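S.K.: So you can see what is in the structure, the chains are spelled out below.
Protein chains: 2
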Amino acid sequence: MKIGILGGGQLGRMFIQEALKYDDAFYTLDPAEDCPCANISHHTKGDFNDYQSVIDFGKDKEVLTIEIEHINADALEYLEKQGVNVIPKSSVVKMIQQKILQKEFYKKNHIPTPDFQVIQNKSEVDFPLPFVQKLNTGGYDGKGVQIIRTKEDLGNLWDAPSVLETLVDIDKELSIIIAKNQRGEVAAFPVTEMVADPKLNLLDFNICPSELTEEVQKQIAEIAALFIEKVDSAGLFAIELLLDKEGKVWVNETAPRLHNSGHQSQEGNRNSQFEQFYRVLRNLPLANTEATGYSGMLNLVGEQGFSGKVEYEGLEEVLKDSKTFVHLYGKTETKPGRKMGHINVVAHTKKELMDKLIAIKSMVKVKSINEKVK
Amino acid sequence: MKIGILGGGQLGRMFIQEALKYDDAFYTLDPAEDCPCANISHHTKGDFNDYQSVIDFGKDKEVLTIEIEHINADALEYLEKQGVNVIPKSSVVKMIQQKILQKEFYKKNHIPTPDFQVIQNKSEVDFPLPFVQKLNTGGYDGKGVQIIRTKEDLGNLWDAPSVLETLVDIDKELSIIIAKNQRGEVAAFPVTEMVADPKLNLLDFNICPSELTEEVQKQIAEIAALFIEKVDSAGLFAIELLLDKEGKVWVNETAPRLHNSGHQSQEGNRNSQFEQFYRVLRNLPLANTEATGYSGMLNLVGEQGFSGKVEYEGLEEVLKDSKTFVHLYGKTETKPGRKMGHINVVAHTKKELMDKLIAIKSMVKVKSINEKVK
Numbered sequence: 001m002k003i004g005i006l007g008g009g010q011l012g013r014m015f016i017q018e019a020l021k022y023d024d025a026f027y028t029l030d031p032a033e034d035c036p037c038a039n040i041s042h043h044t045k046g047d048f049n050d051y052q053s054v055i056d057f058g059k060d061k062e063v064l065t066i067e068i069e070h071i072n073a074d075a076l077e078y079l080e081k082q083g084v085n086v087i088p089k090s091s092v093v094k095m096i097q098q099k100i101l102q103k104e105f106y107k108k109n110h111i112p113t114p115d116f117q118v119i120q121n122k123s124e125v126d127f128p129l130p131f132v133q134k135l136n137t138g139g140y141d142g143k144g145v146q147i148i149r150t151k152e153d154l155g156n157l158w159d160a161p162s163v164l165e166t167l168v169d170i171d172k173e174l175s176i177i178i179a180k181n182q183r184g185e186v187a188a189f190p191v192t193e194m195v196a197d198p199k200l201n202l203l204d205f206n207i208c209p210s211e212l213t214e215e216v217q218k219q220i221a222e223i224a225a226l227f228i229e230k231v232d233s234a235g236l237f238a239i240e241l242l243l244d245k246e247g248k249v250w251v252n253e254t255a256p257r258l259h260n261s262g263h264q265s266q267e268g269n270r271n272s273q274f275e276q277f278y279r280v281l282r283n284l285p286l287a288n289t290e291a292t293g294y295s296g297m298l299n300l301v302g303e304q305g306f307s308g309k310v311e312y313e314g315l316e317e318v319l320k321d322s323k324t325f326v327h328l329y330g331k332t333e334t335k336p337g338r339k340m341g342h343i344n345v346v347a348h349t350k351k352e353l354m355d356k357l358i359a360i361k362s363m364v365k366v367k368s369i370n371e372k373v374k
Numbered sequence: 001m002k003i004g005i006l007g008g009g010q011l012g013r014m015f016i017q018e019a020l021k022y023d024d025a026f027y028t029l030d031p032a033e034d035c036p037c038a039n040i041s042h043h044t045k046g047d048f049n050d051y052q053s054v055i056d057f058g059k060d061k062e063v064l065t066i067e068i069e070h071i072n073a074d075a076l077e078y079l080e081k082q083g084v085n086v087i088p089k090s091s092v093v094k095m096i097q098q099k100i101l102q103k104e105f106y107k108k109n110h111i112p113t114p115d116f117q118v119i120q121n122k123s124e125v126d127f128p129l130p131f132v133q134k135l136n137t138g139g140y141d142g143k144g145v146q147i148i149r150t151k152e153d154l155g156n157l158w159d160a161p162s163v164l165e166t167l168v169d170i171d172k173e174l175s176i177i178i179a180k181n182q183r184g185e186v187a188a189f190p191v192t193e194m195v196a197d198p199k200l201n202l203l204d205f206n207i208c209p210s211e212l213t214e215e216v217q218k219q220i221a222e223i224a225a226l227f228i229e230k231v232d233s234a235g236l237f238a239i240e241l242l243l244d245k246e247g248k249v250w251v252n253e254t255a256p257r258l259h260n261s262g263h264q265s266q267e268g269n270r271n272s273q274f275e276q277f278y279r280v281l282r283n284l285p286l287a288n289t290e291a292t293g294y295s296g297m298l299n300l301v302g303e304q305g306f307s308g309k310v311e312y313e314g315l316e317e318v319l320k321d322s323k324t325f326v327h328l329y330g331k332t333e334t335k336p337g338r339k340m341g342h343i344n345v346v347a348h349t350k351k352e353l354m355d356k357l358i359a360i361k362s363m364v365k366v367k368s369i370n371e372k373v374k
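If you're matching them up, the sequences are chains A and B in order.
Numbering of the first sequence is given in the UniProt record's numbering, commencing with residue 1 and proceeding in unit increments.
Numbering of the second sequence is given in the UniProt record's numbering, commencing with residue 1 and proceeding in unit increments.
Just so you know, these hints were derived from the structure itself, not from any lab.
This one's a predicted model, so the numbers in the text were calculated from it and none came from an experiment.
Cβ atoms here follow ideal geometry from the backbone N, Cα and C, with glycine treated the same way.
Each hint should be verified, as a subset may be incorrect.
[Said to hold, decoys possible] Calculated pairs, DSBU-like style, for lysine-lysine (alpha carbon to alpha carbon, straight line, at most 30 Å):
1) A:K350 <-> B:K323
2) B:K320 <-> A:K320
3) B:K2 <-> A:K309
4) B:K351 <-> B:K320
5) A:K45 <-> A:K94
6) B:K59 <-> A:K309
7) B:K172 <-> B:K351
8) A:K361 <-> A:K339
[Claimed, not checked] Residues of chain B clear of chain A, computed beta-carbon distances all greater than 10 Å:
9) N49
10) Q102
11) K108
12) P130
13) I147
14) L154
15) A160
16) E246
17) N288
18) E290
19) Y294
20) L328
21) K335
22) A347
Full structure from sequences and hints, please.
M.R.: Put into structure tokens, the structure is as follows:
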């Protein structure tokens, strides 16, 4: 089958890698000639934000999907009307692209999400401190989100359409990946727990399973079921959740695609999120998502102070451990904070898992020998 | 790293698929424009049997390897002298390419192999019946091998340089895959047992681990250790073994590359033969080869009577089983006996494994809707 993907980054790369065990032809649209998918797919260099580029790319594909949500959704809508099988639906992508619509979707469908005010500009702010400001569009990897704690912080407010949201007193950051195929079968992965790096605001450790009370698990199951029912589209979705200190679960935001919080499924679950996504696109029976033990993931991001041709420190040591798995994204150039790869760990106990992740974090560095940024 | 592969078939495809989790660039040389590696590597259409084609392809690669042994080994030798890192060494490829040299290698190094006579033409035959005739060159997938049982069969003898070999009274057909990296580390996979389809002479089921006495395991370990020592080259090798009814193990032949008998390692072992081969080529610490339970593999070969655009029957049913894994090779055209893919099964017991493999074999068919060969 001809499967088109808007975006040619690492999510697409790992998806294609997994799906190479079947007989499909993969096409990617990405502006970067050397994007991670370039050499393993039929790659078209082009702008996935450009209406005509998306239409030209998508019109002859049997299934069209995304690996990044910041794409031209109007073009997706047009293609849908022309009969292209777009997964997820353009309406869902549009809703998720805009934080304001996304929040309103949760509210309308009684999906618990922190209280919020919608503003078009900063003169409209009328919301109790402290709060989180999320730009309506363009946020990604923690960009476009800031915490306003004090009156002084109000001076930092972005003067743009945004959601202002009650700051949750976070106990845990969680994620659940849930998939629906085109015949309506639904399957979720076990909940994972994120440990963020406060400096970079990029997902850092991601462990599975998260140790949660039955009551919390029940809340999450209800949220996921409600979301997948109301969103009314085949697809694979990552619902990012916040567990507050009183044991209540809130939806932070959702990605309508493969997600960093599911990478540990490559070796930690019977099937990975990538295999599951393939089954969604081909409308096959959904895969077993069971965890086979404890597992965790550590992002490899470019070290501060290094830029240029990437050099990894400590990887060989990591490869000696038979329960540790290196995944690099085929990016030749590093820069501070750039996601270059990740390492998965499987373990029998949570302690074994955490000890290893911490050891690896201090051992593996993403540097560059050629240049050092001043 | 620029890694060149002579051949662009399924072995190369599954190798590249596995190795996509690292940051290398893969180049393949294969005469078929639509070979399984074509769209996932930098593919050069060309003849790997042609001296100049191999040199032109290989001269700028940092590592050059093979996924088929019927290639121009003189070109490999030339490139080696020019400083290209050829794995395995051209001398090993030459020895294995020619059954006569291969048999003499075993004899010289006291590696147990059935008694044999070398002939240049059929007038030289002076060997007790029954025996196996193996053509010196060109044998592949069971071709170029025949059994001569009776005086009447002597009329079928091929009139070409061959090895005539004592027919072993086979109890089991076994295989061991063993790897050596460039720093001399050696690791073997658990022994697998083959069950051949007598009609096609293509590997059919391959199960792991094989239930063997300690005495037999000891013989195999000694053979593998002796082979890897004497062959004196980094590489991954599949040693095909025959266990006779008296409990003695003989080497049948060796492939200097990834092998069909190692496919079940994709889901049945901590690491697959493909991961191990990557580590050989990059001179990394060898991977843990432990089996995680029982596992088995079933080849998907084109049904007799069907030719043309491939259609798989029964695959969807197989995908519902969470311990069953489908691997297709990206070949669009089937023909009788063509290897199109394989299915791996993992299980807790041997009975569970065999029951599933047998059920899958009767359920999954490789056909073609468009054409039926008369």
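S.K.: Could you run down the list of hints and mark each one as holding or not?
M.R.: These are the hints, each one checked on the structure:
{"no.": "1", "hint": "A:K350 <-> B:K323", "in the structure": "25 Å, holds"}
{"no.": "2", "hint": "B:K320 <-> A:K320", "in the structure": "34 Å, violated"}
{"no.": "3", "hint": "B:K2 <-> A:K309", "in the structure": "15 Å, holds"}
{"no.": "4", "hint": "B:K351 <-> B:K320", "in the structure": "20 Å, holds"}
{"no.": "5", "hint": "A:K45 <-> A:K94", "in the structure": "23 Å, holds"}
{"no.": "6", "hint": "B:K59 <-> A:K309", "in the structure": "24 Å, holds"}
{"no.": "7", "hint": "B:K172 <-> B:K351", "in the structure": "18 Å, holds"}
{"no.": "8", "hint": "A:K361 <-> A:K339", "in the structure": "14 Å, holds"}
{"no.": "9", "hint": "N49", "in the structure": "26 Å, holds"}
{"no.": "10", "hint": "Q102", "in the structure": "32 Å, holds"}
{"no.": "11", "hint": "K108", "in the structure": "36 Å, holds"}
{"no.": "12", "hint": "P130", "in the structure": "41 Å, holds"}
{"no.": "13", "hint": "I147", "in the structure": "36 Å, holds"}
{"no.": "14", "hint": "L154", "in the structure": "45 Å, holds"}
{"no.": "15", "hint": "A160", "in the structure": "38 Å, holds"}
{"no.": "16", "hint": "E246", "in the structure": "37 Å, holds"}
{"no.": "17", "hint": "N288", "in the structure": "3 Å, violated"}
{"no.": "18", "hint": "E290", "in the structure": "7 Å, violated"}
{"no.": "19", "hint": "Y294", "in the structure": "16 Å, holds"}
{"no.": "20", "hint": "L328", "in the structure": "5 Å, violated"}
{"no.": "21", "hint": "K335", "in the structure": "16 Å, holds"}
{"no.": "22", "hint": "A347", "in the structure": "13 Å, holds"}
In summary, the numbered hints that this structure violates are 2, 17, 18 and 20.
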